Amino acid sequence: MTPIDNVVRPVGPQAKYNTARHSLGILRAVIVTCRYRVPASHLRQQSVSLHDAIENALAAVVVGQPMLAIGIAGEETKEPVFVHLKTIDMRRMIEWKELIAPAAPSRPRNGDKSKEEQGETHYDNRLLCSLEKCHEPLWEDLAGKPGWKIIVHHDPQQLGALQSRGSVGPKNKDEEEVLSFDISFCFHHAYSDGKGGYIFHGDLQRALNNTARPPELQNHILHLATPPLLPPAMDTLIPFTLSWTFILHTIWAEVLKPLLPRRLFRLEPSEADTPWTGAPIDASNPKTHIRTLFKLDNEAQLRGLLTQCRSHGTSLTGLLHALIARSLARQVKDRSFRSTTPIALAQYADANIAGSTFTPGKTIHCLVTGLSPLHDLDAIRRLRGNREEGDVRVDDDVAVWAFAQEMTARLRAKTASLPRDDILALSGLIGDWHEFIRSKFGKARDSTWELSNLGSLDAVDAGKSDPKNVFEAKAGPNVEEKGRWFIDRAIFTQGTGVGSAICINVAGVAEHGIYVTISWQDGNVDVDLVEKLVDDLQAWITELVEV
Numbered sequence: 000m001t002p003i004d005n006v007v008r009p010v011g012p013q014a015k016y017n018t019a020r021h022s023l024g025i026l027r028a029v030i031v032t033c034r035y036r037v038p039a040s041h042l043r044q045q046s047v048s049l050h051d052a053i054e055n056a057l058a059a060v061v062v063g064q065p066m067l068a069i070g071i072a073g074e075e076t077k078e079p080v081f082v083h084l085k086t087i088d089m090r091r092m093i094e095w096k097e098l099i100a101p102a103a104p105s106r107p108r109n110g111d112k113s114k115e116e117q118g119e120t121h122y123d124n125r126l127l128c129s130l131e132k133c134h135e136p137l138w139e140d141l142a143g144k145p146g147w148k149i150i151v152h153h154d155p156q157q158l159g160a161l162q163s164r165g166s167v168g169p170k171n172k173d174e175e176e177v178l179s180f181d182i183s184f185c186f187h188h189a190y191s192d193g194k195g196g197y198i199f200h201g202d203l204q205r206a207l208n209n210t211a212r213p214p215e216l217q218n219h220i221l222h223l224a225t226p227p228l229l230p231p232a233m234d235t236l237i238p239f240t241l242s243w244t245f246i247l248h249t250i251w252a253e254v255l256k257p258l259l260p261r262r263l264f265r266l267e268p269s270e271a272d273t274p275w276t277g278a279p280i281d282a283s284n285p286k287t288h289i290r291t292l293f294k295l296d297n298e299a300q301l302r303g304l305l306t307q308c309r310s311h312g313t314s315l316t317g318l319l320h321a322l323i324a325r326s327l328a329r330q331v332k333d334r335s336f337r338s339t340t341p342i343a344l345a346q347y348a349d350a351n352i353a354g355s356t357f358t359p360g361k362t363i364h365c366l367v368t369g370l371s372p373l374h375d376l377d378a379i380r381r382l383r384g385n386r387e388e389g390d391v392r393v394d395d396d397v398a399v400w401a402f403a404q405e406m407t408a409r410l411r412a413k414t415a416s417l418p419r420d421d422i423l424a425l426s427g428l429i430g431d432w433h434e435f436i437r438s439k440f441g442k443a444r445d446s447t448w449e450l451s452n453l454g455s456l457d458a459v460d461a462g463k464s465d466p467k468n469v470f471e472a473k474a475g476p477n478v479e480e481k482g483r484w485f486i487d488r489a490i491f492t493q494g495t496g497v498g499s500a501i502c503i504n505v506a507g508v509a510e511h512g513i514y515v516t517i518s519w520q521d522g523n524v525d526v527d528l529v530e531k532l533v534d535d536l537q538a539w540i541t542e543l544v545e546v
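Residues 0 to 546 (numbering that gives the first Met the number 0) are what the sequence shown spells out, left to right.
Just so you know, these hints were derived from the structure itself, not from any lab.
Computed from a predicted model, the values in this text were never measured in an experiment.
Hints may contain errors.
[Unchecked claim] Simulated pairs of lysine to aspartate or glutamate, EDC-like, Cα-Cα distance not exceeding 16 Å:
no. : residue 1 : residue 2
1   : K332      : E135
2   : K294      : D123
3   : K148      : E54
4   : K286      : E135
5   : K85       : D140
6   : K144      : E176
7   : K294      : D534
8   : K361      : E298
9   : K132      : E97
10  : K332      : D394
11  : K439      : D281
Make the full structure from the sequences, and use the hints.
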């Protein structure tokens with residue numbers, strides 16, 4: 000093997016899982032999209048163009064986030080490494096994509112809210128179609144270019160009006176014209192996790208409002224003379240510990256049990272006891288479908304839903320698991336399920352090891368584990384119940400709340416036990432991740448569904464509140480009047496080449512509700528099943544927020 004220049008450090012045992020998956024073409028991108036809004040008057044007053052403003056801000060984020068200033072070399076080998084990139088052409092890191100939104104009526108008819116909503120739905124559908132395409136390509140030239148980029152989704156009519164100083168929004172002269180841009184942070188999973196996507200957008204929002212161009216950026220080229228000081232790899236940063244009970248159980252479940260002649264020892268599970276996980280893993284098809292599962296723009300409705308969760312001793316994540324299982328139980332008869340819930344590990348980082356290289360909530364990194372419990376046939380049958388197919392009442396469904404409570408308890412127990420007895424602590428024992436992953440091709444997926452909840456981007460990161468900004472403290476809550484960039488929506492999407500049959504992703508912005516997407520690999524599940532799941536969740540969430 001030819002020696003690799005400019006090595007910063009090995010990617011680490013856990014990150015090898017992500018580099019191997021990308022190398023094999025089954026993990027391409029994770030995307031966190033935020034809707035940025037800014038008064039048109041603010042942009043017109045700037046001394047630089049909109050394109051330059053975004054390029055300058057992005058460069059500032061890269062300078063402050065070491066994980067964004069590196070490439071990956073040797074991804075196809077057993078020992079991939081992060082490498083120092085001395086220069087980054089920022090023009091290659093930004094893509095501008097047009098999404099034309101139909102104009103909403105200036106005065107909707109009395110009681111007719113569909114016109115405006117249809118326009119927004121049409122735009123959102125086009126945005127999700129764009130994101131589907133973003134999940135398909137592999138990252139090219141990783142040794143010479145970072146494995147991430149941003150896509151600025153914009154309405155060209157707004158930009159044209161901005162440049163001509165025409166009207167881009169309200170007709171009322173007393174109303175401020177506000178532009179919207181959906182900026183997607185697309186990244187290779189070895190660089191970041193979903194929470195890191197929030198960190199990125201918080202940094203970008205602050206950089207856009209700062210307006211300064213970093214001195215390292217000259218003529219679109221970002222010069223990085225010295226290697227970045229990367230945070231340690233997960234196995235170094237997180238103080239994992241293992242009990243002998245956990246080690247022996249894992250050896251039995253993952254190594255010895257699969258080697259036994261199951262039929263001889265009557266260990267062969269029945270179909271009912273085998274979790275339904277859609278079609279077997281197909282590593283040749285990168286196409287991902289994405290839909291809006293549901294959204295709650297009304298913060299009062301979201302608070303009401305969270306209040307119901309608390310009153311039943313559960314969390315929103317637990318409730319969503321229960322509703323997903325309830326819908327699938329009505330469509331997939333007499334099968335058990337398995338769910339997966341990613342869990343962030345940043346809070347468990349050892350501060351003595353991290354030093355100045357890692358601060359939870361501020362430093363981009365990929366630090367995530369998960370919980371994957373089996374939901375046996377009895378639990379699924381209780382959820383399905385004996386009700387008629389059309390009866391969708393959930394607020395008084397004891398089985399739903401019991402399932403939600405159990406999931407919440409399991410998640411709390413797992414987070415309380417971390418970083419002890421976690422399977423990721425054994426990642427270093429896998430010598431060849433490529434072969435490990437290839438061995439799963441054509442076999443059943445790991446789980447029925449994954450539910451990944453990023454929580455909400457807080458008000459400070461969204462640009463809505465900055466205690467250090469005296470001007471904002473005096474100006475009050477109306478951000479539009481402050482002439483600043485702010486964020487009012489977040490959307491989280493993932494590809495689904497392997498892992499779960501379907502993937503549900505939750506994201507939100509403080510005081511602006513949540514947006515929930517569902518994604519699945521083309522051909523993996525019946526589209527009718529997904530559409531029914533979407534219909535069920537929308538109906539049940541509507542019912543719950545109206546209680």
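Each hint, compared with the structure:
Proximity of K332 to E135 is assessed by CA-CA distance (about 32 Å); at most 16 Å being required, the pair is judged violated. With a C-alpha separation of about 11 Å, the suggested pair K294 and D123 falls inside the 16 Å cut-off, and the hint holds. Straight-line distance between C-alpha atoms of K148 and E54 comes to about 12 Å, which keeps the hinted pair within the 16 Å bound. For the given pair, K286 sits about 6 Å from E135 by alpha-carbon distance, which is consistent with the 16 Å threshold.
Proposed proximity of K85 and D140 is supported: the alpha carbons are some 15 Å apart, at most 16 Å. The hinted pair formed by K144 and E176 fails the criterion: a straight-line CA distance of about 37 Å is larger than 16 Å. Distance hint between K294 and D534 is fulfilled; the C-alpha atoms sit about 13 Å from each other, no more than 16 Å. With a C-alpha separation of about 26 Å, the suggested pair K361 and E298 falls outside the 16 Å cut-off, and the hint is violated.
With a C-alpha separation of about 14 Å, the suggested pairing of K132 with E97 holds against the 16 Å cut-off. Taking the CA atoms of K332 and D394, the gap is near 23 Å; set against the 16 Å cutoff, the hint is violated. Note on K439 and D281: the hinted pairing holds, with a Cα-Cα distance of about 10 Å set against a maximum of 16 Å.
Against the hints set out earlier in the document, violations occur for numbers 1, 6, 8 and 10.
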